[in-house]
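J.: Model the full assembly from the supplied sequences, consistent with the hints where possible.
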Amino acid sequence: MHSLFVVIEALPAILPGILVTVGNVAASLAMGLALGVPFAVAQVYGPAWSRRLVRLYVWFFRGVPILVLLFLFYGFFISLGLPADPFLIACLVLGCTSTAYQSQIFRGAIESLPRGQLQAARALGMSDVTGIAHIILPQALRLSIPGWANEFSILLKDSAICFVLGTQDIMARTSFAAARTHEHLALYAAAGAIYFLLTWVVLRLLRRLEDKVHVPGYSTGGSFDMGEPA
Amino acid sequence: MSADQDVVLRVEHISKRLGGKLILDDCSLDVRRGELMVLIGPSGAGKSTLLQCIDCLIPPDTGEIWLDGERLERDDKRKLCAFRAQVGMIFQEFNLFDHLTAEENVAIALRKVRGMSRKEARERALDELARVGLARRALLYPAQLSGGQKQRVAIARALAMDPKVMLLDEPTSALDPELVGEVLAVIRDLAAGGMTMVMATHQMDFARALATEILFMERGRIIERGAPAQLLADGAGTRTRDFCLRILEVSI
Numbered sequence: 010m011h012s013l014f015v016v017i018e019a020l021p022a023i024l025p026g027i028l029v030t031v032g033n034v035a036a037s038l039a040m041g042l043a044l045g046v047p048f049a050v051a052q053v054y055g056p057a058w059s060r061r062l063v064r065l066y067v068w069f070f071r072g073v074p075i076l077v078l079l080f081l082f083y084g085f086f087i088s089l090g091l092p093a094d095p096f097l098i099a100c101l102v103l104g105c106t107s108t109a110y111q112s113q114i115f116r117g118a119i120e121s122l123p124r125g126q127l128q129a130a131r132a133l134g135m136s137d138v139t140g141i142a143h144i145i146l147p148q149a150l151r152l153s154i155p156g157w158a159n160e161f162s163i164l165l166k167d168s169a170i171c172f173v174l175g176t177q178d179i180m181a182r183t184s185f186a187a188a189r190t191h192e193h194l195a196l197y198a199a200a201g202a203i204y205f206l207l208t209w210v211v212l213r214l215l216r217r218l219e220d221k222v223h224v225p226g227y228s229t230g231g232s233f234d235m236g237e238p239a
Numbered sequence: 026m027s028a029d030q031d032v033v034l035r036v037e038h039i040s041k042r043l044g045g046k047l048i049l050d051d052c053s054l055d056v057r058r059g060e061l062m063v064l065i066g067p068s069g070a071g072k073s074t075l076l077q078c079i080d081c082l083i084p085p086d087t088g089e090i091w092l093d094g095e096r097l098e099r100d101d102k103r104k105l106c107a108f109r110a111q112v113g114m115i116f117q118e119f120n121l122f123d124h125l126t127a128e129e130n131v132a133i134a135l136r137k138v139r140g141m142s143r144k145e146a147r148e149r150a151l152d153e154l155a156r157v158g159l160a161r162r163a164l165l166y167p168a169q170l171s172g173g174q175k176q177r178v179a180i181a182r183a184l185a186m187d188p189k190v191m192l193l194d195e196p197t198s199a200l201d202p203e204l205v206g207e208v209l210a211v212i213r214d215l216a217a218g219g220m221t222m223v224m225a226t227h228q229m230d231f232a233r234a235l236a237t238e239i240l241f242m243e244r245g246r247i248i249e250r251g252a253p254a255q256l257l258a259d260g261a262g263t264r265t266r267d268f269c270l271r272i273l274e275v276s277i
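Top to bottom, those sequences are chains A and B. Take 10 as the starting number for the first sequence in the working numbering and just add one per residue. Take 26 as the starting number for the second sequence in the working numbering and just add one per residue.
Since the hints were derived computationally from the structure, they do not count as laboratory data. Since the structure is predicted, the reported quantities are computational estimates derived from the model, not experimental observations. Even glycine gets a Cβ: it sits at the ideal position worked out from N, Cα and C. Treat the hints with caution; some may be incorrect.
[To be verified] Simulated restraints on C-beta separations:
id : chain 1 : residue 1 : chain 2 : residue 2 : range
1  : A       : P56       : B       : S53       : 28 to 34 Å
2  : B       : A199      : A       : T208      : 41 to 47 Å
3  : B       : Q255      : A       : G55       : 46 to 52 Å
4  : A       : R217      : B       : K102      : 38 to 44 Å
5  : A       : R60       : B       : D50       : 30 to 36 Å
6  : B       : G69       : A       : R60       : 29 to 35 Å
7  : B       : D152      : A       : A142      : 23 to 29 Å
8  : B       : A234      : A       : A142      : 40 to 46 Å
9  : A       : P47       : B       : D86       : 29 to 35 Å
10 : A       : P47       : B       : E98       : 28 to 34 Å
T.: Structure follows, in structure tokens:
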């Protein structure tokens with residue numbers, strides 16, 4: 010009973026952390042999307058040097074733990090005399106990492122499309138840029154939604170580790186409340202529930218998006234329907 | 026370049042090596058306005074590669090391509106796109122854009138290449154779909170169409186660009202036998218309407234009836250060429266006739 014009381018009392022202090030966590034994850038996902046798509050395109054269609062560059066990038070950010078990257082970036086900012094804002098560094102580290110993972114989600118989707126798609130675009134006189142923008146990416150992005158939903162759920166939970174830099178996210182506020190009250194079990198259970206709910210809500214939204222953009226009869230998207238032949 | 030005004034497409038000395046193997050060996054052809062040139066030959070002869078080299082979807086190693094008297098500079102991307110926009114290409118596997126409806130499949134290049142407005146492109150697309158008998162299927166997606174319908178949409182998509190010549194790469198080979206007829210009927214209409222075409226096919230009856238010229242390919246080379254009556258005549262003793270007889274035996 011006492012634990013519940015402590016949780017309720019601590020909630021006003023913890024809940025604003027949702028904004029920080031959501032902001033951090035949204036910014037990182039957006040960065041990953043904005044960079045991941047061109048990276049994927051560069052890796053599939055680009056010249057040899059661009060493929061190598063993307064591979065090197067992905068190799069680095071997939072290989073180094075986020076915790077290490079956080080301290081690395083922090084140290085880097087300090088040594089350059091830049092203001093080491095924890096939130097900014099958290100966004101950068103998660104964004105760079107997510108870029109690596111998202112680029113590989115999009116690459117897989119692009120490579121799963123039949124080669125004839127871009128060929129047909131070229132045959133109609135489209136430049137590669139036009140063909141990729143209007144023929145390849147609309148299909149590849151649809152196929153990427155399930156993998157992207159996965160990436161979101163991983164990133165949301167990875168964001169909890171950023172509290173080591175002192176971002177005021179759900180995790181940081183919870184650990185502060187726990188240290189103050191010694192109600193670790195109840196408070197972390199509450200924090201876990203908040204993460205769980207956030208994941209669940211967004212995954213449902215993404216699932217709805219997937220259904221919404223599903224091409225009738227297209228077998229690769231979730232449910233199979235043959236539509237109505239006229 | 027000769028002064029022959031009637032030659033729409035001239036292909037000179039195209040060679041292509043892939044993986045150390047000579048796939049195309051010095052292939053040349055002249056297609057005159059309104060002509061239907063048919064490429065035949067065994068699988069692996071290079072028919073498909075030749076058509077793709079003409080459209081530079083596979084860059085040829087050597088050789089020149091002329092369209093309406095103008096030599097293609099294929100290193101100039103802008104000119105290459107402009108060239109391809111004037112050459113219709115029909116693929117064995119249709120290659121419709123899977124995320125677009127039949128109408129959008131036809132309209133997209135009109136908008137993105139020809140710069141038409143959405144409305145203009147839509148009207149043109151509907152006209153072209155009507156021309157191949159698919160006006161009522163305009164809003165269906167490729168996955169909702171039969172193979173024959175898909176190939177007819179692909180033909181409408183190419184026609185919408187007002188091509189000077191169409192290249193057809195075994196347009197009926199991926200179709201169920203009962204759907205071959207509807208696609209051939211569309212191509213027959215195009216030929217009757219004076220469309221200039223180069224077509225690779227195994228449909229010998231079609232070639233015999235409609236081809237102005239037959240080119241027989243084997244191991245990357247064009248080894249025989251001539252009018253169907255000439256190549257397929259009884260006792261002509263041609264490799265082409267030999268090949269056709271064998272196809273007919275198999276199909277019966």
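J.: Any of the earlier hints contradicted here, and which numbers?
T.: Checked against the structure, no hint fails, so every one of them is satisfied.
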